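Visitor: Going down the list, the protein sequences come from chains D and L.
Heads up, the first sequence is in my numbering, so the first residue is 1 and it goes up one at a time.
Heads up, the second sequence is in my numbering, so the first residue is 413 and it goes up one at a time.
Wrong hints could be hidden among the right ones.
One side of the interface only, derived from the structure: several residues of chain L facing chain D at Cβ under 8 Å [unchecked claim]:
#	residue
1	Arg-520
2	Leu-570
3	Glu-573
4	Gly-625
5	Ala-648
With a cut-off of at most 30 Å between alpha-carbon atoms, the simulated BS3-like pairs for lysine-lysine come out as follows [said to hold, decoys possible]:
#	chain 1	residue 1	chain 2	residue 2
6	D	Lys-347	L	Lys-431
7	D	Lys-402	L	Lys-702
8	D	Lys-326	D	Lys-381
9	D	Lys-270	L	Lys-431
10	L	Lys-640	L	Lys-529
11	L	Lys-419	L	Lys-641
12	D	Lys-402	D	Lys-360
13	L	Lys-560	L	Lys-702
14	D	Lys-381	L	Lys-431
15	D	Lys-52	D	Lys-80
16	D	Lys-209	L	Lys-522
17	L	Lys-522	D	Lys-238
18	D	Lys-125	D	Lys-185
19	D	Lys-381	L	Lys-557
20	L	Lys-560	D	Lys-347
21	D	Lys-402	L	Lys-699
22	D	Lys-125	D	Lys-228
23	D	Lys-382	L	Lys-557
24	D	Lys-347	L	Lys-419
25	L	Lys-438	D	Lys-382
26	D	Lys-347	L	Lys-438
27	D	Lys-52	D	Lys-30
28	D	Lys-98	D	Lys-125
29	D	Lys-332	D	Lys-270
30	D	Lys-381	L	Lys-438
31	D	Lys-193	D	Lys-30
32	D	Lys-402	L	Lys-700
33	L	Lys-529	L	Lys-560
34	D	Lys-381	D	Lys-360
35	D	Lys-347	L	Lys-557
36	L	Lys-522	D	Lys-185
37	L	Lys-528	D	Lys-209
Here are the computed distance ranges between Cβ atoms for each label pair [stated by the list, open to error]:
#	chain 1	residue 1	chain 2	residue 2	range
38	D	Glu-267	L	Glu-472	44 to 50 Å
39	D	Glu-267	L	Lys-431	25 to 31 Å
40	D	Ala-254	L	Lys-431	28 to 34 Å
No lab work stands behind these hints, which were simulated from the structure alone.
Remember, it's a predicted structure, so these values are computed and weren't measured experimentally.
Where a beta carbon is used, it is the ideal one built from N, C-alpha and C, also for glycine.
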Amino acid sequence: MFDAHPQFLSAEGYTAMNIHEYQAKELMLKYGVATPPGAVAGTAEEAEAVAKSLNTTDLVIKAQIHAGGRGKGTFTNGFKGGVHLCKTAAEAKDLASKMIGQTLVTIQTGEAGKLVSKVLVGQSKEIARELYFAIVLDREAQAPVIIASTRGGMNIEDVAHETPELLLHMRVDPALGLQPYEARKLAEYLDLKGDLLKPACAIFHALYKCFIATDCSLVEINPLVVTKQNEVMALDAKFNFDDNAMFRHPDIMAYRDITEEDPREVEASKFGLSYIGLDGNIACLVNGAGLAMGTMDIIQYAGGRPANFLDVGGGANEQQVTEAFKILVSDKNVKAILVNIFGGIMKCDTIAQGIINAVKAVSLPVPLVVRLEGTNVAAGKKLLQESNLPIIAADDLADAAKKVVAAALGNK
Amino acid sequence: MSILVDKNTRLLVQGITGKAGGFHAKQCAEYGTNVVAGVTPGRGGETWENTVPVFNTSQEAREKTGCNATMIFVPAPGAADAILEAADAGIELIVCITEGIPVIDMMRAKVGLRDKKVRLIGPNCPGIITPGQCKIGIMPGYIHKPGKVGVVSRSGTLTYEAVWQLTSRGLGQSTCIGIGGDPINGTSHTDAVRMFNEDPDTEAIILIGEIGGTGEEEAAAYIKEHVKKPVAAFIAGATAPPGRRMGHAGAIVSGGKGTAEGKIAALEAAGVGIARTPAEMADALIKKMK
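Whole structure, please, built from the sequences with the hints as guidance.
Guide: Have a look at this one:
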């Protein structure tokens with residue numbers, strides 16, 4: 001056990017496929033993590049039924065969107081708050097009817113807000129203490145690292161910054177997994193003693209099991225609470241998963257909610273393209289992630305701003321190039337496009353043909369600068385030249401950046 | 413002359429009967445690499461391209477052909493297992509090209525490699541090449557030229573960019589290593605820099621990094637302490653927004669760590685020449701060599 005300098009909340013290096021709170025609750029219940037009872041409802045009637053089945057007068061109704069700040073958010077219909085406490089099933093029904101089908105705006109959603117299609121109906125708990133518990137796959141430790149703190153309910157990066165002595169980092173040997181003595185050590189650190197020791201250790205083991213079994217990159221329980229009834233429970237959970245492992249988790253993939261994702265990124269992923277929307281006006285299409293990042297950098301260095309990251313991969317075909325163009329031109333902010341290809345396995349003439357087809361299929365509303373280098377570059381350049389399309393050819397990377405920035409300015 | 417691979421390297425290809433494996437094995441052989449064996453479980457006894465024997469296991473390939481390096485093209489779900497199989501067979505150099513391996517699989521594979529005397533390069537990498545002698549990977553061979561510059565990079569196409577700039581300016585390469593874009597990999601920037609530093613025939617080094625992790629900072633600390641040879645570097649992703657993964661599984665800025673600025677500052681403090689853009693990698697090194 002040692003301080004592994006983990007990157008807090010980073011889920012370092014993995015795509016953060018988010019899941020809803022109710023889905024996290026389902027996962028925790030499946031792996032035996034103690035959490036307050038509750039279930040999801042898609043209609044006001046379902047909310048009423050869930051509330052009845054919980055058989056309690058301490059109810060909480062929570063709008064299900066991926067963004068945070070729900071409690072202080074406002075619906076576009078004027079209804080305030082995406083999280084409400086109530087006593088009866090009738091009240092639960094009424095609250096759910098005001099949330100479902102409505103758009104909730106929070107500090108994290110942007111002005112457009114997010115459509116709420118489901119609510120979580122749960123039992124609310126009176127809290128005595130709030131703690132923090134997370135497991136992250138840490139790059140430097142090359143192992144899972146558990147982070148625990150008695151300062152729950154807060155932003156853990158603030159805790160790490162202001163009071164680092166109130167954080168425990170524990171590297172778990174990947175070959176051994178979490179050992180009982182390690183779980184006891186964590187409980188001791190969090191002051192979970194006496195009757196709380198066993199249930200606390202049970203939660204830690206269940207979370208570790210869930211983390212490994214579902215290929216998580218991050219599980220964060222904030223807060224982990226001690227209730228006034230002296231129970232230890234996970235009140236809120238954040239899960240991130242390793243995209244690379246999702247082929248073996250169809251159940252987790254089913255949790256994906258594409259309405260919560262950037263539609264351009266969803267479209268790109270259908271064609272095996274890696275796309276990330278940014279807020280500049282120069283679109284780029286590049287092969288290879290490193291070169292794509294480098295291309296964004298050189299655009300900025302030349303005085304422009306990239307509109308996106310787009311890696312077509314090492315072996316893109318003509319159809320992928322066409323689809324990539326469609327996505328690029330669908331961004332209304334785009335004033336110019338830069339294609340930067342270093343053909344290795346991918347041949348420049350294939351790429352050139354893809355560009356020509358794409359430009360013919362998608363009428364090109366903005367200037368296009370193309371820089372080709374590598375395998376079959378002469379044939380590729382010849383194809384572009386003979387196509388008589390309005391393509392601006394660039395000699396090298398610096399030239400390409402200069403030309404595309406000028407083109408974007410000229411097009412204003 | 414070079415590090416890790418040369419004209420005496422005897423290469424096994426795991427996944428040689430697959431489409432990508434077969435294609436690249438052929439490219440490597442055409443470049444001059446001694447492709448001596450292939451492995452595809454269940455296809456033992458076949459002959460690939462009428463010349464190379466295919467075995468069921470790496471163990472058998474090792475015993476029958478004396479292969480001392482392997483190139484892995486096994487699909488992601490079985491790639492970590494293929495790494496462990498090669499290590500168990502005692503193959504000294506394992507180059508894993510496969511991308512998309514689950515991180516937990518790589519974490520376990522590294523545990524399995526702990527007590528083995530093997531070097532893993534990758535996964536999710538273009539491979540390694542000693543120009544004019546041996547190419548193990550998917551890089552286009554013709555852009556390279558034998559010479560004295562060592563190149564180490566996390567990215568494939570950025571490596572090609574650097575190599576092409578060097579070759580176009582008449583500077584050849586001793587060896588070029590793509591260490592791969594995954595968060596858990598076999599060979600670090602520091603490992604590669606150390607080997608280049610100890611190789612008498614490498615006279616200068618280009619290091620290409622990107623946002624995420626602390627590999628470049630560690631390499632900078634090593635360079636500051638031990639390296640007298642000229643080094644130039646480029647770090648990709650200076651303009652990438654925090655919290656977004658840029659294609660490579662390892663390329664993400666989070667928790668204020670792994671930023672391009674931090675890496676550039678560490679490298680500059682170590683006396684490394686910085687290429688501000690990817691168009692200036694070779695020029696930054698030439699400036700340092702004067």
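Visitor: Is 44 to 50 Å a correct range for the gap between the Cβ atoms of Glu-267/D and Glu-472/L?
Guide: holds (47 Å)
Visitor: Do the alpha carbons of Lys-381/D and Lys-431/L lie within 30 Å of each other, as the hint requires?
Guide: Answer holds: Lys-381/D to Lys-431/L is near 29 Å, not above 30 Å.
Visitor: Do the alpha carbons of Lys-270/D and Lys-431/L lie within 30 Å of each other, as the hint requires?
Guide: Holds, at roughly 22 Å.
Visitor: Are the Cα positions of Lys-125/D and Lys-185/D separated by 30 Å at most?
Guide: Given pair Lys-125/D, Lys-185/D holds - Cα atoms ~26 Å apart, limit 30 Å.
Visitor: Has the given pair, Lys-522/L with Lys-238/D, been kept, meaning a C-alpha gap of at most 30 Å?
Guide: Distance of about 27 Å is within 30 Å: holds.
Visitor: Measuring from the C-beta of Ala-648/L to each C-beta in chain D, is the shortest one below 8 Å?
Guide: holds (4 Å)
Visitor: Under the criterion that the straight-line Cα-Cα distance not exceed 30 Å, is the pair Lys-381/D, Lys-438/L satisfied?
Guide: holds (27 Å)
Visitor: Decide if the proposed pair is consistent with the structure: Lys-347/D and Lys-557/L, CA atoms, cutoff 30 Å inclusive.
Guide: Holds, at about 20 Å.
Visitor: Please work out if Lys-347/D and Lys-419/L have their alpha carbons no farther apart than 30 Å.
Guide: Status holds; Cα separation ~28 Å.
Visitor: May I ask you to test the interface hint for Gly-625/L with respect to chain D, counting a Cβ-Cβ separation under 8 Å as satisfied?
Guide: holds (5 Å)
Visitor: May I ask you to test the hint 25 to 31 Å on the CB atoms belonging to Glu-267/D and Lys-431/L?
Guide: Check passed, 27 Å falls within 25 to 31 Å.
Visitor: Is the straight-line distance between the alpha-carbon of Lys-529/L and that of Lys-560/L 30 Å or less?
Guide: holds (28 Å)
Of the numbered hints listed earlier, not one is contradicted by the structure.
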